[in-house]
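Input sequences plus hints: build the corresponding full structure.
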Amino acid sequence: MSVSVARVPTQSASRYLQQLAKHWSHKMTVVFSEEEGTIDFPNGARLAMRADSETLDVELTVPETEDAGRMREVVSSHLDRFAFREAPLTFDWR
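Anchor point for the sequence shown: position 10 equals 9 in numbering that gives the first Met the number 0, and the numbering is continuous, going up by one each time.
Errors might be hidden in some of the hints.
Claimed, not checked - Calculated pairs, SDA-like style, for lysine to any residue (alpha carbon to alpha carbon, straight line, at most 25 Å):
#1 K21 - A82
#2 K21 - E53
#3 K21 - S76
#4 K21 - R49
#5 K26 - S75
#6 K21 - V2
#7 K21 - Q10
#8 K21 - T89
As the list claims (entries may be wrong) - Using C-beta positions, here's what the derived DEER-type ranges look like:
#9 V73 - V30: 17 to 23 Å
#10 G68 - R6: 17 to 23 Å
#11 R14 - E63: 16 to 22 Å
#12 E63 - R84: 34 to 40 Å
#13 T64 - E85: 33 to 39 Å
#14 S32 - R6: 18 to 24 Å
#15 T89 - P41: 24 to 30 Å
#16 D79 - D51: 32 to 38 Å
#17 Q10 - A47: 19 to 25 Å
#18 G68 - D39: 17 to 23 Å
#19 P41 - P8: 26 to 32 Å
#20 T54 - S76: 15 to 21 Å
#21 E63 - E85: 32 to 38 Å
It should be emphasised that the hints constitute simulated quantities derived from the structure, not laboratory data. By construction, the Cβ of each residue, glycine as well, lies at the ideal position given by its N, Cα and C atoms.
Written out as structure tokens, the structure reads:
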């Protein structure tokens, strides 16, 4: 498994976490609250998120058989759509 993490500075972290979780809840297994959420993708990847007043922390776990770079782009582009007022968000993927 490949694990990528990023700390995204935003004061709207909880809102973006909830919007992304609701957006993907009709296609994937999603569990979320105002502060935390997980999304299980059909390809075996998992996105875990944690929101506080200044940042959205994301941890993306991707199976070795999948393209981790593409999955990072999928996550960041979706979050940027919800954050259109302040996009592009800064993702310091590590």
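Hints, one by one, checked against the model:
| no. | hint | in the structure |
| --- | --- | --- |
| 1 | K21 - A82 | 15 Å, holds |
| 2 | K21 - E53 | 21 Å, holds |
| 3 | K21 - S76 | 16 Å, holds |
| 4 | K21 - R49 | 15 Å, holds |
| 5 | K26 - S75 | 18 Å, holds |
| 6 | K21 - V2 | 23 Å, holds |
| 7 | K21 - Q10 | 19 Å, holds |
| 8 | K21 - T89 | 22 Å, holds |
| 9 | V73 - V30: 17 to 23 Å | 19 Å, holds |
| 10 | G68 - R6: 17 to 23 Å | 19 Å, holds |
| 11 | R14 - E63: 16 to 22 Å | 33 Å, violated |
| 12 | E63 - R84: 34 to 40 Å | 37 Å, holds |
| 13 | T64 - E85: 33 to 39 Å | 35 Å, holds |
| 14 | S32 - R6: 18 to 24 Å | 19 Å, holds |
| 15 | T89 - P41: 24 to 30 Å | 28 Å, holds |
| 16 | D79 - D51: 32 to 38 Å | 20 Å, violated |
| 17 | Q10 - A47: 19 to 25 Å | 21 Å, holds |
| 18 | G68 - D39: 17 to 23 Å | 20 Å, holds |
| 19 | P41 - P8: 26 to 32 Å | 30 Å, holds |
| 20 | T54 - S76: 15 to 21 Å | 19 Å, holds |
| 21 | E63 - E85: 32 to 38 Å | 34 Å, holds |
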